[in-house]
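Student: Protein sequence lines correspond, in order, to chains W and U.
Residues in the first sequence are numbered from 1 upward in steps of one, following the working numbering.
Residues in the second sequence are numbered from 1 upward in steps of one, following the working numbering.
Among the hints, a few may not be true.
Unchecked claim - Straight-line alpha carbon distances no greater than 27 Å define the calculated DSSO-like cross-link-like pairs of lysine-lysine that follow:
1. W/Lys-52 - W/Lys-26
2. W/Lys-68 - U/Lys-250
3. W/Lys-30 - U/Lys-307
4. U/Lys-24 - W/Lys-68
5. U/Lys-307 - W/Lys-26
Unchecked claim - Computed Cβ-Cβ distance ranges for the label pairs, DEER-style:
6. W/Gln-88 - U/Met-188: 48 to 58 Å
7. U/Asp-298 - W/Asp-165: 41 to 51 Å
8. U/Asp-298 - W/Thr-174: 30 to 40 Å
9. U/Gly-242 - W/Lys-47: 24 to 34 Å
10. U/Asp-298 - W/Pro-154: 38 to 48 Å
11. W/His-157 - U/Met-356: 49 to 59 Å
12. W/Asp-77 - U/Asp-234: 20 to 30 Å
13. W/Pro-154 - U/Gly-26: 52 to 62 Å
14. U/Asn-5 - W/Lys-47: 30 to 40 Å
15. U/Asp-45 - W/Glu-50: 19 to 29 Å
16. W/Trp-129 - U/Asp-298: 52 to 62 Å
17. W/His-103 - U/Asp-45: 44 to 54 Å
18. W/Glu-106 - U/Asn-5: 42 to 52 Å
19. U/Glu-260 - W/Asp-77: 31 to 41 Å
These aren't lab readings, by the way, just hints derived from the structure by calculation.
The model shown is predicted, which means the values in this text are computed figures rather than measured ones.
Ideal Cβ positions, reconstructed from N, Cα and C, are used throughout, including at glycine.
Here is what each chain is made of, one letter per residue.
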Amino acid sequence: MQNNVKITNIVGEFRQDFAIIANWVKFGSKVLDLGCGDGELLQFLRKSLEVKGYGVEKDDANWLACMKNGSNVIQMDLEDGLSGFEDQSFDTVILSQTLQAMHNTEEIVQEMLRVGREIIVTFPNFGYWRNRIQITGGRMPVSKTLPYQWYDTPNVHLCTINDFDQFCKNHKITILERKVITDGSEVGFMPNLFGNLAMYRLKTS
Amino acid sequence: MQENNSVGIVAPQTAHFNKPLTLKSGVVLPQFDLVYETYGALNADKSNAVLICHALSGTHHVAGKYNENDKYPGWWDNLVGPNKPLDTNKFFVIGVNNLGGCHGSTGATSINPATNKPWGSQFPVLTVEDWVASQTLLADYLGIQQLAAVVGGSLGGMQALQWTIAYPDRVRHALVIASAPNLTAQNMAFNEVARQAIITDPEFHGGDYYAHGVVPRRGLRIARMLGHITYLSDDAMGAKFGRKLKDGVKYSFDAEFEMESYLRYQGDKFAGEFDANTYLRMTRALDYYDPALPFNNDLTMALSNVKAQFLVVSFTSDWRFSPARSREIVKALLDNECTVSYAEVTAAHGHDAFLMPDAHYHNILRAYLSNIEIGSDNAK
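Between the sequences and the hints, there should be enough to build the whole structure, so can you do that?
Tutor: Okay, here's the thing in structure tokens:
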């Protein structure tokens with residue numbers, strides 16, 4: 001894709017998953033980043049692809065960080081849906097590593113598909129072998145991508161890649177592309193076992 | 001003692017306009033004065049001007065004091081000053097008393113040149129559109145083609161919004177705080193009760209009380225007491241007064257509860273310094289403002305020519321200008337792909353929160369305002 005050239009120059013300072021997301025976002029397009037945190041992804045997409053970006057963020061401190069780095073940010077709770085956004089009004093709606101912390105999981109994915117022509121969803125793969133080993137050892141997994149203890153985790157809906165594939169099938173969602181990465185590298189072989197972070201590009205069937 | 005982040009001692013100025021102004025009502029105001037204050041310095045390319053629009057009872061006296069012994073500074077002094085969120089080291093800030101006000105701009109207390117008597121009941125009913133039109137004339141007078149920003153809370157937020165609708169090329173940023181795209185029936189109902197309190201005061205004399213040497217104090221006082229109830233949240237009143245008694249139960253109708261003495265104090269203070277005709281007109285301007293009305297109530301259409309970038313802020317406990325109303329503005333801006341950010345500040349103070357120096361709220365304004373780029377940066 002034409003995006004590649006530009007991105008490699010900038011990606012160094014950002015996360016690997018940002019580079020994949022950037023390859024799925026069109027130059028100059030309109031992007032909504034849900035649970036945008038401090039706006040790092042939006043800033044990256046703005047600099048690399050000149051997107052017209054908006055973030056959605058509930059947390060006060062994150063909202064402020066987002067504003068400070070120059071991103072447009074709308075303060076609202078994703079659990080309430082996306083009622084302020086018109087149908088099909090964004091080229092891409094992104095939910096980056098937030099799905100697992102949502103209570104209304106089905107609703108937010110449906111809302112994303114309503115508002116976005118395409119959506120990008122990324123989440124930590126609970127089926128990753130290191131998680132399985134910890135479970136086999138009798139403990140809840142704690143790792144770089146799942147850094148919380150069972151009692152203080154915001155994650156309420158963890159799933160595996162196979163689970164999410166099935167979710168898409170059941171909800172008639174078309175998987176346009178799926179990438180699985182571990183430590184910044186793409187995983188092709190047995191992704192549900194060897195993949196740490198799952199990334200999906202989706203649209204309504 | 002002079003605070004080092006205060007704009008210091010300030011003085012109001014008056015701009016006189018000889019050109020007749022045709023109001024939305026069709027009435028022509030032959031000439032008028034606007035009284036205003038400025039803080040900071042206008043830069044060489046005049047790109048750093050920020051206009052502050054006041055709400056119902058506000059004035060041009062936004063920041064600073066008139067002399068060393070002045071008890072209170074301007075009404076938004078916590079926001080405006082050197083190194084404050086609206087930094088006068090960067091911006092040239094303008095405060096203006098709206099047309100029809102009672103603090104120096106032409107209003108009902110001014111002399112009508114046609115009769116040589118106070119305008120009184122004959123002073124026209126004004127609209128937000130009229131105010132903004134008159135504010136553009138003040139900008140012209142000051143040689144400012146385009147404002148860096150217009151900032152306003154409540155009724156002031158409506159003026160900021162109106163600037164972007166009516167004069168899209170004359171304003172780069174709008175900060176619309178604790179405001180709404182129009183008033184709900186309930187909100188207008190409070191205004192109607194306030195006006196009825198004034199109009200039915202025997203000393204109102206149809207609005208021409210100046211000639212009788214009286215003012216409708218009782219009406220104005222009740223209007224203000226009612227207003228104060230709606231500017232606070234139930235929780236804020238509970239926290240501030242609760243059911244506290246001043247001096248025990250006396251089985252009387254005196255101000256026994258602390259809440260009562262607060263409302264009476266606020267009402268008395270206001271009735272002693274504000275003009276009833278101005279109060280009527282300010283509330284009416286609130287009622288009438290409805291930019292979506294000519295567009296079949298479609299706010300998205302109403303904002304289709306807007307070019308300014310927006311910061312919209314609401315407060316969780318504000319029930320008179322609720323967050324839901326601010327979200328309507330945000331939605332219409334998003335529909336038009338405008339540049340907009342929206343903050344919903346968790347605050348206990350109700351509508352009054354927009355005047356409070358809450359740290360997070362001020363950080364929001366500071367962050368937004370410091371991102372605003374201005375041209376040749378040679379302010380003092």
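Student: If a hint holds in the structure, say so; if it doesn't, say that too.
Tutor: Hint check:
1. A threshold of 27 Å between alpha carbons decides the hint, and for W/Lys-52 with W/Lys-26 the separation of about 11 Å falls inside it, so the pair holds.
2. A distance of roughly 56 Å separates the Cα atoms of W/Lys-68 and U/Lys-250; the hinted pair therefore is violated under the 27 Å criterion.
3. The straight-line distance between the Cα atoms of W/Lys-30 and U/Lys-307 is roughly 17 Å, inside the 27 Å bound, and the hint therefore holds.
4. For the suggested pair U/Lys-24 and W/Lys-68, the alpha carbons sit about 40 Å apart, so the restraint of at most 27 Å is broken.
5. For the hint pairing U/Lys-307 with W/Lys-26, the CA-to-CA distance comes to about 24 Å; that is within 27 Å, so the pair holds.
6. In this structure the hint that W/Gln-88 and U/Met-188 lie 48 to 58 Å apart at CB is violated, the actual value being about 36 Å.
7. In this structure, U/Asp-298 and W/Asp-165 meet the distance hint of 41 to 51 Å, their C-beta atoms being roughly 42 Å apart.
8. Our hint of 30 to 40 Å for U/Asp-298 and W/Thr-174 holds, since their Cβ atoms are close to 34 Å apart.
9. Checked against the given bound of 24 to 34 Å, the beta carbons of U/Gly-242 and W/Lys-47, roughly 53 Å apart, lie outside it.
10. For U/Asp-298 paired with W/Pro-154, a C-beta distance near 39 Å keeps the hint of 38 to 48 Å intact.
11. As the Cβ distance of W/His-157 to U/Met-356 is approximately 38 Å, the hint placing it in 49 to 59 Å is violated.
12. Our hint of 20 to 30 Å for W/Asp-77 and U/Asp-234 holds, since their Cβ atoms are close to 23 Å apart.
13. With their beta carbons about 59 Å apart, W/Pro-154 and U/Gly-26 fall inside the hinted range of 52 to 62 Å.
14. Take U/Asn-5 and W/Lys-47: their Cβ atoms lie about 34 Å apart, and the range 30 to 40 Å holds.
15. The supplied range of 19 to 29 Å is met by U/Asp-45 and W/Glu-50, whose beta-carbon atoms lie about 27 Å from each other.
16. Hint check: W/Trp-129 to U/Asp-298, Cβ distance near 55 Å, so the stated range 52 to 62 Å holds.
17. The hint said 44 to 54 Å for the Cβ distance between W/His-103 and U/Asp-45, and at roughly 52 Å that hint holds.
18. Separation of W/Glu-106 from U/Asn-5 is about 51 Å and conforms to the stated range, judged on CB atoms against 42 to 52 Å.
19. Taking 31 to 41 Å as the suggested C-beta distance range, the pair U/Glu-260 and W/Asp-77 conforms, at roughly 38 Å.
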